[in-house]
Each structure stands twice: as structure tokens, then as C-alpha cells.
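Engineer: Here is what each chain is made of, one letter per residue.
Protein chains: 2
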Amino acid sequence: MTATGDLFHVYDTTLRDGAQQEGLTLSVADKLAVARHIDGLGVGFIEGGWPGANPRDTEFFRRAREELHLEHARLAAFGATRRAGLAAADDPLVAALRDSGAGVVTLVAKSHDRHVELALRTTLAENLAMVRDTVAHLRAEGQRVFLDAEHFFDGYRDNRDYALEVLRTAFEAGAEVAALCDTNGGMLPGWVGDVVHDVVETTGVRVGIHCHNDTGCAVANTLAAVDAGATHVQGTLNGYGERTGNADLVTVVANLELKLDRQVLPAGLLGEATRVAHAVAEVTNVPPASRQPYVGTSAFAHKAGLHASAIKVDPDLYQHMDPAGVGNDMRLLVSDMAGRASIELKGRELGFELGPELVQRVTGRVKDLESRGWTFEAADASFELLLLEEVEGVRPSYVEVESWRVITETRIGDDALSEATVKLRAGGARIVVTGEGNGPVNALDAALRQAISQLYPEIVKFELIDYKVRILDQGHGTDAITRVLIETTDGQRSWVTVGVGPNVIEASWHALIDGLTFGLRRHDA
Amino acid sequence: MTATGDLFHVYDTTLRDGAQQEGLTLSVADKLAVARHIDGLGVGFIEGGWPGANPRDTEFFRRAREELHLEHARLAAFGATRRAGLAAADDPLVAALRDSGAGVVTLVAKSHDRHVELALRTTLAENLAMVRDTVAHLRAEGQRVFLDAEHFFDGYRDNRDYALEVLRTAFEAGAEVAALCDTNGGMLPGWVGDVVHDVVETTGVRVGIHCHNDTGCAVANTLAAVDAGATHVQGTLNGYGERTGNADLVTVVANLELKLDRQVLPAGLLGEATRVAHAVAEVTNVPPASRQPYVGTSAFAHKAGLHASAIKVDPDLYQHMDPAGVGNDMRLLVSDMAGRASIELKGRELGFELGPELVQRVTGRVKDLESRGWTFEAADASFELLLLEEVEGVRPSYVEVESWRVITETRIGDDALSEATVKLRAGGARIVVTGEGNGPVNALDAALRQAISQLYPEIVKFELIDYKVRILDQGHGTDAITRVLIETTDGQRSWVTVGVGPNVIEASWHALIDGLTFGLRRHDA
Chain H
2 MTATGDLFHV YDTTLRDGAQ QEGLTLSVAD KLAVARHIDG LGVGFIEGGW
52 PGANPRDTEF FRRAREELHL EHARLAAFGA TRRAGLAAAD DPLVAALRDS
102 GAGVVTLVAK SHDRHVELAL RTTLAENLAM VRDTVAHLRA EGQRVFLDAE
152 HFFDGYRDNR DYALEVLRTA FEAGAEVAAL CDTNGGMLPG WVGDVVHDVV
202 ETTGVRVGIH CHNDTGCAVA NTLAAVDAGA THVQGTLNGY GERTGNADLV
252 TVVANLELKL DRQVLPAGLL GEATRVAHAV AEVTNVPPAS RQPYVGTSAF
302 AHKAGLHASA IKVDPDLYQH MDPAGVGNDM RLLVSDMAGR ASIELKGREL
352 GFELGPELVQ RVTGRVKDLE SRGWTFEAAD ASFELLLLEE VEGVRPSYVE
402 VESWRVITET RIGDDALSEA TVKLRAGGAR IVVTGEGNGP VNALDAALRQ
452 AISQLYPEIV KFELIDYKVR ILDQGHGTDA ITRVLIETTD GQRSWVTVGV
502 GPNVIEASWH ALIDGLTFGL RRHDA
Chain L
2 MTATGDLFHV YDTTLRDGAQ QEGLTLSVAD KLAVARHIDG LGVGFIEGGW
52 PGANPRDTEF FRRAREELHL EHARLAAFGA TRRAGLAAAD DPLVAALRDS
102 GAGVVTLVAK SHDRHVELAL RTTLAENLAM VRDTVAHLRA EGQRVFLDAE
152 HFFDGYRDNR DYALEVLRTA FEAGAEVAAL CDTNGGMLPG WVGDVVHDVV
202 ETTGVRVGIH CHNDTGCAVA NTLAAVDAGA THVQGTLNGY GERTGNADLV
252 TVVANLELKL DRQVLPAGLL GEATRVAHAV AEVTNVPPAS RQPYVGTSAF
302 AHKAGLHASA IKVDPDLYQH MDPAGVGNDM RLLVSDMAGR ASIELKGREL
352 GFELGPELVQ RVTGRVKDLE SRGWTFEAAD ASFELLLLEE VEGVRPSYVE
402 VESWRVITET RIGDDALSEA TVKLRAGGAR IVVTGEGNGP VNALDAALRQ
452 AISQLYPEIV KFELIDYKVR ILDQGHGTDA ITRVLIETTD GQRSWVTVGV
502 GPNVIEASWH ALIDGLTFGL RRHDA
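Chains as they are written, first to last, in my numbering: chain H, 2 to 526; chain L, 2 to 526.
What the hints contain is simulated information worked out from the structure, not anything from laboratory work.
Where is the CB? At the ideal position from N, CA and C, for every residue including glycine.
Hints are supplied without guarantee of correctness; some may be wrong.
Claimed, not checked - If you want a taste of the chain L side facing chain H, the calculated C-beta under 10 Å gives, among others:
1) Thr216
2) Gly394
3) Arg396
4) Ser398
5) Glu410
6) Ala430
7) Val433
8) Val434
9) Val470
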């Protein structure tokens, strides 16, 4: 761990608070994979979960001790103060924290008087004793202890003295930092700044900040706290979290480093942000938000024709920073709103110097196709095939398809099975093959590969790694235009192709064929 | 328009700046529909587009004059100052603004010296003349004029005097308000507040604010500007916009009204926010962000078992506001992370008082199914069927399916066609039917309806309105578990069902059957 990590804590809670997000479920293997990715960003702490309270989290810490070798981060175990009326040493949940093997225990404590009385159902004095005893016990057992002061801001508003007393109690018992939690997420930056300032001035406690995004201000609230003296920021990758999510840790850190000139990660690691954010999204299987600040695929994408022509003059005129700083790229979108300048630049990006006539023809075709539901913004490979077709006068092609058919049927007591028959000509021969799969697109893919694998042995390396279906004309359900995006990889890089049509299978077929064609063409070149 | 609308402008630019978003394309009919929805929120101004520059926008304003009868908002036409070296009266683009029929013209002007020189390629003096002439000309023609000062914050940093001079020039020529645009989106709240404060103090100009979300602070930046004296806020529905998007207008307005006690919409209309945000998302066909502040489906959703048990005591302990204020609802999620308290509450929400044994059994089944990829968080109807099955001892069922088969094939020169054959027993008879469709699920749906429409005539009202496919085990493409969510409506309300399986068609079949079953059961009850 670098010195930076002790002066300023970057504390990730993706695996604990982030996992509270609706629709997000992480297995133990997922959690280990996410921890490795986040470590690659250089954060100081990774909160792994609540050992003892949840069998999956207990298992995570057990396996982490054996398998997880973090380069930058320390693991933190999250848990509650001892139960009312029990000695800390006798509480099995406290013991689970002590024994988790994590370098840090983060104790959540109530700091809002109403929560103590209504949710915890104990007295204000007993709650203070629970904080004092648990912190002291864990410190005596050799643990570093952080405090999460739950509902702190609401508590401060209702009973400032008690809220501050909870912090002082933890601090005096040996807690290293008290993270003030806006648990319900209703704060605005000015209020957060004022409260943090008062806490720092009044108590002398080292203050951290934990924000939720219910007012759309989680990042700004976190920055306001840092401005007022907080030196520990909590957040999650991609802003995952319950309700509207937690502060997006990457956005917070990028703002601190790039806008406010505070180095809070080991030098150079912020450049991993885009890669890490997307890798984590692959594990969580929550589709990444394209509009995500700094790391979103659209974050440096330019669509307007107006802008595109000025970007030719100077990209910095239209960017608030160099996207390379967070490992992202500027992208020019091929879109019906874009003028010919965009197509020309996009062609250049792909290595083609297009003359004015060609630019006009390609622009026209893109506009026409996009008006019928195609999109090339996400499907660069399909756009490149279209460009090659216009440049070379003929579309790259390795097979001539006659017809295909796919049958899916149930068998009694068994899963449904799909069977595809494809008839095509390739390498001078007519080929008829049948492929099976556990779904119709899978069966078509199998048949297609089987038909041409002798002719083009490199396709064994191709693998279809993502398949997305979107209904374009919502309001008509299955009886609407569908758009399919398929991502194919050759193990080294991946490319996305698009297919559109009223029939989802036909749209998938277009995207499949384009995916193979693009890959074969790349191997030819 | 209410008095509020003149003292404080809520200015929507979804149709213009929002439409710059990657993947978002709006037809003229879409734009008219979106304008009607946004009007229902009570905003003061709706920017419709750039007439003259874009045939679609010209057409929008033409049709708006005839068809669009707004109750609250005035329409604004967006456009640029006259071209260099041309009289404002002779510029056809300025004429298009004058003739658009909109009540307001919003002129975009360069206020950053480098942009004047490098992008506009004219002199600083000529740019000022362009601003002065165009504003004066449009005022003389009887238009209200607002100014969008493009790249204002970057311009202010590079050349404060010139940036301020652009505002003064517009103001002296008759512009009503100057919206300061953080066009590249790199600002933080403290900076925005300082600049707005200086502008208000130095120039006396009425100041507006237009923010992008590149630092994740668009909402907070907008609030900082208002705090410093801005009385005109621009934003978009659902935060649509280029790159990371614009300030989410609903979040801004909700914060102003609910957190800062400033009434900026006609009384009561903020309660339409959730409905309007979702209605606009249906037209744009951009899937709504579940984590969106205030109006997201997850914004008031509670998953953690810890929270769920306290919510039974007092919901306000875990909400930053009453969701009814924005027309949203608290939701309890059925999830494997939730304890039995959640299942018990969820049962109560659906009208069942579950005993402890039943709660335990349902919790166990949900955990088991969720571990295999099912989700009930989004599929309330499937959960209710599961609950009914446990309560009544038998799952509600209207058909007994023997088998089904669906064939999709290409025909020469024509679109692919799907044909489904379903064999089932219903109402004591064995039924074999074949249905056609332009996709496999559509064909299965057709066959199923045909099989039982005589027995259950109410199903003619059911319509499948949304169909979503998700690959659960990313990294395996089409050879993975798929989860299908289907939304069905009976014209009055809609419900969501889920199906899971390795075969996308089989998963769809499960969700289809559940959708029909739930609808029929509801009609029975």
C-alpha cells in the first residue's frame, strides 16, 4: 500500500453495499473476481461483505484468505456492533468479524436516536456502550476498526449532540475513522459540507463519507465532504447500490485527481478505470450505463454534425479532459444526425481516406438503414463491412446462403432442443448441414461453423460472447421490429455486428453472418 | 402559464439537446408525443429543435402549430446567431427561427474566444455583432429571445472579459435571459457557484444554467447556480443528452421543490413526474434507468432483510421522502438477500396474510429459483402465481400443455416466417393448433390464444407489450442461460412474468404461459 492510501482512504463497498442493488446477485466466485478487478484500480480498501451474517460472505472471506492476493487493497469485513445486553466477546457475530482474516473491520453503528429506539429497540445509553465495547474489543484483538455511522445526517438533524457522541465514543475506543453515512440519500452538497465541517471542528474525529444518490448528488456530496475535511471516501464501482445506488467511486476519484489535483490512487492507475469498470460490469452482468461519467462508452462520443466538423480542428474544444486519463477513447458516432464530416472522420479512424462522393453515398446508406432500425453506433464491425462494400464495390462475403430453417421443440420431460438446417455455397461447393443447439441462434451458429470450418479453419477460434435483443417498436411486444447485437471474439479482440428485422431469428442470422465475415476478413487482411 | 413560470423558468431541452444522445432517434410524431408528455409536468418552456437546420425539426414546428396544444409550456425554437458577414434579416436560418411559430427563440452564441476563432472562424468583434444584430432583429420582429452562451464556463476561465461582454451584448439588444452553458461538462459545483455569482453581480443579466453530466455533477451544478442567483434551469427528461447526458430536469425540479422549498412547477404537477418520465422513455425507447433518482423503479425499492424488518416499524426510517410526492411507490423486493420479513410484507402487499411456516416455504422456493437464474424482483405476477401455488396447494392453471414446436425458415426473396404448433388440453378437450407469426414467440403466442380464445374470450383483450431477453451467463453468448421477461396488458393494467432456461424459446414459453394464467386468474377473481 502506498503512503497515499493512509493519508486518504479510497474505500470500495461494491461487494457489500453495491450488492444491495436490485437485480444484482454475486456468487462467491463473482465476488473474488470483482475484488481482483477493483484491486487493479489501486483503491486502499475493499469491503468484502458481512461474515457471520450471511453464509455466502463467510465463505467469501474463507476463500479470500486462501486465494485472493491483493496488490494494493486491504480487505475489510463489515458488521454490526454487539447485540444489546451481550458482552462483545460473547457475540458470535463479533467473533466472525474478528476471525474473518480481513485487515480491517468496519462496524456499522446507529447514530440517529430514532433508529436506536425504533429499529434497534434499545436505549441511547446502551447503543453507546455497544459502540464502545465492540470497538474496544476488536482493537484489543489487534484489528483496525472503521466506523460507519448509519443515518448520520438525519440523526445530526434530529439530535446533533447524540450523533456526535456516537462518533466520539467510537473514536475514544480506538476507531480510526468515522464514515458519516447518508443512508437514506436525501442530502444536498451544501448541507453535507456544513455538517462535515462542524463534525471535524467539534470532535476532531477523522471523518469519512458514504453517500447514496437519491437526490442525484452522491458524487457532489462526496466532494463537498472532502472539501470540508473528510479524508476517507466510500463508493462503489459503477455506482451500484440499493435504490438509486451509491456514489460512483470512479467518478469521485477521477474528479479528485483530474479536477481537484488530489492524487488519491497510486500514480497511473486511474488509467485503468474504464477497463476495470467494464470488467466488473461483465461479472455483475448489469449492463454498463453508456452515459456513465468518465468510463461510459458514450462519455466521449460525439454525434452532432456541428461538433464533428469542429473536432477536426481541435478535439480539445469539445472535451472536458483527455479520455486517455481514464483509459477511455473519443468516439465519433455514425448517426443520421451526423453530417458527412462524421462519416469522413469515422472512415479515417478505420483507415480509409474517403473522397467526397463516397462520403455522400455512405452517409445516404447509413441514414436510410438507420431510419429502418439499424444502428451502427454500437456495431462498428457492421459499419466497416458497409464501408468496405462501398469502397470495393462488393460486400466481403465468404458464403452464399440459399436458405435456412430452425426448429425448436419440447420433448416430454426434457429441455427444449433446437435444430438448424443451413443450405449454402462456399468454396465452389454446395453444402447442406444440420446443427443442434440449446437455442435457435446457437443451433444456427453451430450449423454455420460446421459448414465452413474445413474451408476456414480459423473460425474455430471465433466465439460468440454476447447476444443482445432489443424490441425497437415498444408497445407491440413480440410483433415488432427487433434489433440484435452480437459480439464475437477471436480470443484477442472482439467486434460487434448488428441485424434488424421483424423476426428475431432472422435479425440474429444477419448479425451472425456479419460477425463471421468480419472475423474472416480481418484474418485475410 | 402560472406566475411561477415567469419568475423562475423551468426549460426543457429533451427534444433538442436530449436528442443528441447516442442511440436516441425521434421522429416528428415522437417529438410531438414527448412534448405533450412533458407539458403534463408543467414546465414553462419546451425547446422543440432547430427549425431550418434540420428538415425534421422544421416539420416538427409546422405540425406543432397545427396539432400541439400545450397547457403549461411555451414552445422554444433553437438556432444560431446570423452567419458572419450577413445581415440578420437576410439569413435564411434566422428567418426560419422567426417564422417557426414558437413563442420564444433561444439563440446559441459563442462565448469562448477560442471557439470564435477556431470553430466559428471569425473575429471576436464580428461575433459580438452577430449576437447583437440577431437578438435585435428577432426582438424587432416581436420574439422573446433567450441566449444560450455556449462553452461559457471554459470561456470565462480563458477570457472572462470577453465571455461577460457576450452576455452584456445580448442583454442590451433585448435578450431576456442568458443561459450559461457548461457545454463540455467539466465543471464542479463550487466553480459553477462562483462564476454564476460573479456574472450576476457584475453584469446584472438574468442568468440561466445549462449543465452536462461529465463529472457526475450536472444536478448539483444546476443547484449551485440557482443558489448563486440563476432563475432559469435547463435540463432534459431522464437526463438524455450527448456523452454523459444533460442535467435530469425531474431530479433538479424535485430537489428544488422537495428539498429547497422552492415551488417551480404549478402546484401538484411534480406528482406526475414518475408517470411522465416513464411515458417519455416509452416514446424514446431508451430503457428507463431503474436507479434514476426520484422516478426510477428502484428509487424506493428495499431489498436488504435488515431494512425490511425495520420498515415494518416505520417506512420513513428508510426513505428520504414520501415517494408519492413524485408519483412513485415504495416497493419491497423479493430477493435471496431478503429475509423472511420481506416475503411476509410482500405477501401482505398482495393481500395475503402468510403464517410463519408458509413464509419459510416461500422464502426457500424463491431462494432456490433465484439461485438458478429466476428473478421475482421485476416479475411480480410470477411471484404472485408462486404464492398462490403455495397458499392454495396447486398452481393456477388453465391449460395442460402436451408439447409445442416452432419452426422459423427463410423463403426465397421474402422475410423469414415462424410457425408454431401447440398441443394441449383445456376445458376437457384436446386441442392441436398452429399459429403463424413474424417471430417464434409471436407464433407461439398466436397458437396459444387460438387454442383457448373460445374457452376464455377475455384473452382477446390481453396484449403482449414488452419482451426482454437477458443472457445470464455472459461470456458464453448464445450457449448460456437466458432470462425472458414479458409484460402483458389487459388495457387497464399490465403485469410482468419471467421465464428462464438454456433455450430462449422455452424461457419465453414459460413467461407467455404465466402471463396468460395471471391475466385469466385476475379476471376470475
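Engineer: So, against the hints stated earlier in the document, which numbers end up violated here?
Structural biologist: 2, 3, 4, 6, 7, 8
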